[in-house]
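Add chains B and C to chain A, keeping to what the hints say.
Chains as they are written, first to last, in our numbering: chain A, 1 to 192; chain B, 193 to 282; chain C, 283 to 722.
Hints were generated in silico from the structure; no laboratory data involved. Don't take each hint at face value.
Unchecked claim - Far from chain B by the CB rule (all over 12 Å, computed), these chain A residues: (1) 35; (2) 54; (3) 73; (4) 149.
Said to hold, decoys possible - With the C-beta cut set under 7 Å, the calculated list includes, among others, these residues of chain B facing chain C: (5) 195; (6) 234; (7) 240; (8) 244; (9) 246.
Note that the structure is predicted; figures quoted are calculated from it, not measured. We put the CB at the ideal spot given by N, CA and C, even for glycine.
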Amino acid sequence: MANTQTPVFRSPVAAGSSTAPATMGATSALSLADETGVGIVSVRNRDEGSLIERFATRFGRATRSGNTLMAGQRPGECIIMGDRSGVVGLAASKQLAGDAVVELTHGRVVLRVTGAQASSTLEKVCSLDWSDAMMPNGAVTSGSVAKVTCDVIRDDAANGTRSYLLTADRSFGQYLFDALVDAGDEFGIVVG
Amino acid sequence: MLLVPCPNCGPRNSSDLRYVGESHKRPDPATTTPEEWRTYLYMHKNPADWMMETWYCSSGCRRFFTIERHTATSEFRNPPLPGGKRGGRA
Amino acid sequence: MPSVTNMLRDKNQHGQRRYSAFGLLRKGLSNQPWPRVWREVPLKDSYDVVIIGGGVHGLATAYYLAVNHGITNVAVVDKAYLGSGGSGRNTAIVRSNYLTPEGVAFYDRSLTLYNSMADDLNINVMFSERGHLTLAHNDSSLRTMHWRAEVNKLQDIDSSVIDPAEIKKIVPSLDVTSEARYPILGALYHPPGGIIRHDAVVWGYARAADAYGVEMHQKTEVLDILVEGGEGRDGKGAGGQVTGVMTNRGKISAPIVVNCTAGWASLISDMAGVDLPISTRPLQAAVTEPVKVFLPAVVVSGSLHTYVSQTDRGELVFGAAVDPYNNYSIRGSLEFTEGLAGHVMELMPGISRMKLLRQWAGLCDMTPDYSPIMGATPVEGFLCDVGWGTYGFKAGPVSGEAMAECIATEKMPAIIAAFGLERFAKGDLVGEKGAAAVGH
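In isolation and in its complexed conformation, chain A is listed as follows (with noise of 0.2 Å):
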């Protein structure tokens, strides 16, 4: 059965609802941006070296081309995250027997914090270890972030700006939202 309808992701957080003041582009040393509806494709192998060949990534650790982001998720899954159709067709152009490919993109909400006071903003509300030492550039782990269960991946502005993307079940979206503007807010933070 064709399906011609394009589906419309709409995110979880409402629009205007932080207290925080909005800019165009993140300008300010700390900024949060709702960037869901990204298209994101989990692709789960029990063969980890079967995924390692394919996405150019390993477990966490994560490899940007272009607009599309390769992360080793967890042992055994990788996510693939970028422009929906493209993510989509990247999967299904590189699947294998035994892999597991699912798209997520309209269970998902992504949150992308960055700017200088990221890394201060996200050790109020998570006990994982933000520092550059631990999480540099293309690191990727998954943790609880405000109680909420997270997948992280550091993944910094082509400028080198500090730049972390939360991707967290959609139903926690507006009350994660809220935590991390509450969070930010001793450092100025701005929505956009």
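The following block gives chains B and C in isolation, referenced to the frame of chain A:
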């Protein structure tokens, strides 16, 4: 907070993991008797000593792993290797 | 009603001085020292019954063995002091609004015994029947409350579901607004529930048992249980017969040994070669500085894993759920304090400036179905009264009574028939979801 050495994620707060309990060898469901199965389900050694137990890294790598912990001091020893080679149910 | 002559009579029938208001006045005026509450006698090398564990359960068993069955050649041994374990660490709540018919019948009998305890034991146990509220924060727990209320009513227990307005009338300090993170939708109200002074219960049983000739031996640690003829290592295990115990003060011979411990039940049973389906977990509690009395009832929230009551001194006593992993350590943890503070403030925002004075932990022996393990074991003469999880204290009197009957008649009394160890092998579990460890 108890720090649990996850073989994949490193030391993590115990609140980030789920405690599964004492590790037992599961009898083969195809050949076991109901009595054996219930013994496997319910009976525990519950020592005040080193004990092999299972944890589930629910907020991290989402893997089960077994590790030895002292139930009086909560020290850990003999963590499995990354990938859960020793006794892991991955 | 005791007559005036009785009240003035100096000693009871066992030669023990009675406690009375008159006696208190006389001691106060004459400034004489009080006599020891129980005797310290030399340890004999043989008894009819040895009870391991000098808490409410062990002492009540000894007391009812003597009173109801005339068995007085009994020793209660404890590795520390009487009431040093769960009996002195619980939050002193008693109630009978459990969920299973077995549980309800059992705790109702216990509550009856607690009610008449001050008279029976001639000691002021300060039982305060102040009412017990179990809050429901969501539809499913409200449904469970209704279920529990109906099970309770069927057994003539005073228990009903009340709405937030009535809750507010009983406990004005609770936040019953719909703005709360966990709004209070209703509560299971159980007027006969209340609190009691747990130390006095322990001392009362010890003193009364002592009057009948039962011996209490403190600092007497059981190192091994002597079993002959069993199929396990050293003749222990199934099919064996108990001959006594080895303690740090020497060997004691006894044909009957009763395990009345909490926290160490698995280790003691292992000495006899008996495996139990128990996991030991600490349950933490805390107490605040004393303030004026403002909390008239016991308040419990299953969703927030918290229960709170105010003592006669004005301190708030908080308890929580068991810790998330097995542990024999009774040290408190910071995450407990943090979680507790958050949960209590959620219920009663008005107490945010109160200070915690101290926190502690007690060991709970958790069974797979949250029900206790009582009666005979595969080893002849070795009996268990263990696995009480989070609610052993409130069951103390009735389990003592039942265990005494079990020992004297060598049959399981009907009231505890469902709680035998063999139920796990038969798959015949008694799920008690009314226990404090279970969040609803």
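Against the structure, the hints:
1. 35: 22 Å, holds
2. 54: 19 Å, holds
3. 73: 9 Å, violated
4. 149: At about 4 Å from chain B, residue 149 of chain A fails to clear the 12 Å cut-off, so the statement is violated.
5. 195: This hint is violated: residue 195 of chain B lies away from chain C, its Cβ roughly 12 Å from the closest one there, beyond 7 Å.
6. 234: 4 Å, holds
7. 240: This interface hint holds because 4 Å falls under the 7 Å limit.
8. 244: 12 Å, violated
9. 246: 11 Å, violated
When each numbered hint is compared with the structure, violations occur for hints 3, 4, 5, 8, 9.
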